[in-house]
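There are 2 protein chains.
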Amino acid sequence: MIKVVFFDLDDTLVDTTKLAEMARKNAIENMIRHGLPVDFDTAYNELLELISEYGSNFPHHFDYLLRRLDLKYNPKLVAAGVIAYHNTKFAHLKEIRHVRKALLKLKEMGLRLGIITDGNPIKQWEKILRLDLDDFFEHVVISDFEGVKKPHPKIYQKALKIFKVNAEETIMVGDRLYSDIYGAKRVGMHTVWFRYGKYANRELEYRKYADYEIKDILELPEIIEVLNSAHSNKKVHANR
Amino acid sequence: MIKVVFFDLDDTLVDTTKLAEMARKNAIENMIRHGLPVDFDTAYNELLELISEYGSNFPHHFDYLLRRLDLKYNPKLVAAGVIAYHNTKFAHLKEIRHVRKALLKLKEMGLRLGIITDGNPIKQWEKILRLDLDDFFEHVVISDFEGVKKPHPKIYQKALKIFKVNAEETIMVGDRLYSDIYGAKRVGMHTVWFRYGKYANRELEYRKYADYEIKDILELPEIIEVLNSAHSNKKVHANR
Numbered sequence: 387m388i389k390v391v392f393f394d395l396d397d398t399l400v401d402t403t404k405l406a407e408m409a410r411k412n413a414i415e416n417m418i419r420h421g422l423p424v425d426f427d428t429a430y431n432e433l434l435e436l437i438s439e440y441g442s443n444f445p446h447h448f449d450y451l452l453r454r455l456d457l458k459y460n461p462k463l464v465a466a467g468v469i470a471y472h473n474t475k476f477a478h479l480k481e482i483r484h485v486r487k488a489l490l491k492l493k494e495m496g497l498r499l500g501i502i503t504d505g506n507p508i509k510q511w512e513k514i515l516r517l518d519l520d521d522f523f524e525h526v527v528i529s530d531f532e533g534v535k536k537p538h539p540k541i542y543q544k545a546l547k548i549f550k551v552n553a554e555e556t557i558m559v560g561d562r563l564y565s566d567i568y569g570a571k572r573v574g575m576h577t578v579w580f581r582y583g584k585y586a587n588r589e590l591e592y593r594k595y596a597d598y599e600i601k602d603i604l605e606l607p608e609i610i611e612v613l614n615s616a617h618s619n620k621k622v623h624a625n626r
Numbered sequence: 387m388i389k390v391v392f393f394d395l396d397d398t399l400v401d402t403t404k405l406a407e408m409a410r411k412n413a414i415e416n417m418i419r420h421g422l423p424v425d426f427d428t429a430y431n432e433l434l435e436l437i438s439e440y441g442s443n444f445p446h447h448f449d450y451l452l453r454r455l456d457l458k459y460n461p462k463l464v465a466a467g468v469i470a471y472h473n474t475k476f477a478h479l480k481e482i483r484h485v486r487k488a489l490l491k492l493k494e495m496g497l498r499l500g501i502i503t504d505g506n507p508i509k510q511w512e513k514i515l516r517l518d519l520d521d522f523f524e525h526v527v528i529s530d531f532e533g534v535k536k537p538h539p540k541i542y543q544k545a546l547k548i549f550k551v552n553a554e555e556t557i558m559v560g561d562r563l564y565s566d567i568y569g570a571k572r573v574g575m576h577t578v579w580f581r582y583g584k585y586a587n588r589e590l591e592y593r594k595y596a597d598y599e600i601k602d603i604l605e606l607p608e609i610i611e612v613l614n615s616a617h618s619n620k621k622v623h624a625n626r
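For the record, the sequence lines run as chains A and B.
Going by our numbering, the letters in the first sequence line up with residues 387 to 626, in that order.
Going by our numbering, the letters in the second sequence line up with residues 387 to 626, in that order.
Bear in mind the hints are in silico, worked out from the structure with no lab data behind them.
Check before you lean on any hint, since a few could be wrong.
The list treats identical chains as interchangeable, and a pair is accepted whether it falls inside one copy or across any two copies.
[What the hints assert, rightly or not] The list that follows gives simulated cross-link-like pairs (lysine to aspartate or glutamate, EDC-like), each with its CA atoms no further than 16 angstroms apart:
(1) Lys-480 <-> Glu-555
(2) Lys-509 <-> Asp-449
(3) Lys-493 <-> Glu-599
(4) Lys-475 <-> Asp-396
(5) Lys-550 <-> Glu-524
(6) Lys-540 <-> Glu-432
(7) Lys-491 <-> Glu-532
(8) Lys-458 <-> Glu-532
(9) Lys-487 <-> Glu-605
(10) Lys-411 <-> Asp-425
(11) Lys-480 <-> Asp-401
Could you build all of it, start to finish, from the sequences and the hints given here?
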């Protein structure tokens, strides 16, 4: 009997990757508009390379971009990048299609909801609060706050302890086969792979840990309905 | 003959202090809305104390606020503060009354304009670009970029060098008697004290370095008109 649904945040509830791409493109365009003497493709590809080397949370993308392009440090151009990046993030932050509808449906079904996510706690909460999603969730478990990262079993065990449920009473939904699906399955949770975004064809060696695969989050309530009605049937049988 | 007008940025062109006050108040209100268990006045006064101790550019105001209030660390509340703070700053960033009108008038008079400001170069450029003020100014001289701070003569001398003018051909306008007025006068610039905001009654020991005092930035073109016509009269007299 499923009682709790756990969600990953980025690219499962919130459309993070698409937003980051838009934000980066707008940043480059605004830098060019304010005098960056490089064409769009050159600058954008350099930025992507830089991000893949230094990570997406590196705080000096635009300064380093100028260095990589052999340009003099110019705070005006950096500011132009920062402004466009933030404006885009604030204006276009969106939940993934059908997320709100699916969450409402799950609440109607009497399910308790949680989030298990990696990342900077303040930045993760910013996304949740900006989208007004917080009232749906009883707890948000963030790895950088707990000191342990997905797929480590401890982060999943912490979530189970907070919700006071057993693993088999829960289902984990996420876009990452490794950190979300493999991680949750190791502690005995049911698992739903949300096949979306840049990880839709990656980490496939962990696909065997996914009980279900969905491409639309609205398939989730149906899966749980089936799981829970199978369970009540079993109980009926057992009681005979 | 005045050829160049230099402006300070914060509280001379941009209404920084008022904006920061609004942003901080909204941050506290949003934290309370999301569960901060303290009344507004207690939290706001604690925040002001914290800022006066740690400085306004300290990046952990809202974390430290929780500590000072003996509350457990809570990234949700910090995020609520950060969101409201940034939303306010982005939505309400404004130039001071009559600034755009005065800048246009000065341009019509054929004057060249510059900014001499302290602070983080990217943050200062963010304000200038967000307000679309950049086209008015030939150069923006920022102390953290030059490695020397107002009122040190070097920052003013750098500005003169960049504009290729002598000190007596320039006039410096700022809200701070110490860093703007005393600093500019030491290198021989004309000085206009913009008596506005939280420094309107402070650092009065440097008042003697102000050639003029104004409370409305629109008085500035008139002052320069008078200065320059006196100069041409003098020249006429000298030529006789």
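Verification of the supplied hints:
no. : hint                : verdict
1   : Lys-480 <-> Glu-555 : neither (30 angstroms within a copy, 54 angstroms between copies)
2   : Lys-509 <-> Asp-449 : between (22 angstroms within a copy, 13 angstroms between copies)
3   : Lys-493 <-> Glu-599 : neither (21 angstroms within a copy, 64 angstroms between copies)
4   : Lys-475 <-> Asp-396 : within (14 angstroms within a copy, 26 angstroms between copies)
5   : Lys-550 <-> Glu-524 : within (12 angstroms within a copy, 64 angstroms between copies)
6   : Lys-540 <-> Glu-432 : neither (38 angstroms within a copy, 37 angstroms between copies)
7   : Lys-491 <-> Glu-532 : neither (30 angstroms within a copy, 58 angstroms between copies)
8   : Lys-458 <-> Glu-532 : between (41 angstroms within a copy, 14 angstroms between copies)
9   : Lys-487 <-> Glu-605 : within (11 angstroms within a copy, 58 angstroms between copies)
10  : Lys-411 <-> Asp-425 : within (12 angstroms within a copy, 43 angstroms between copies)
11  : Lys-480 <-> Asp-401 : within (6 angstroms within a copy, 32 angstroms between copies)
Consistency with the previously given hints fails for numbers 1, 3, 6 and 7, ordered from lowest to highest.
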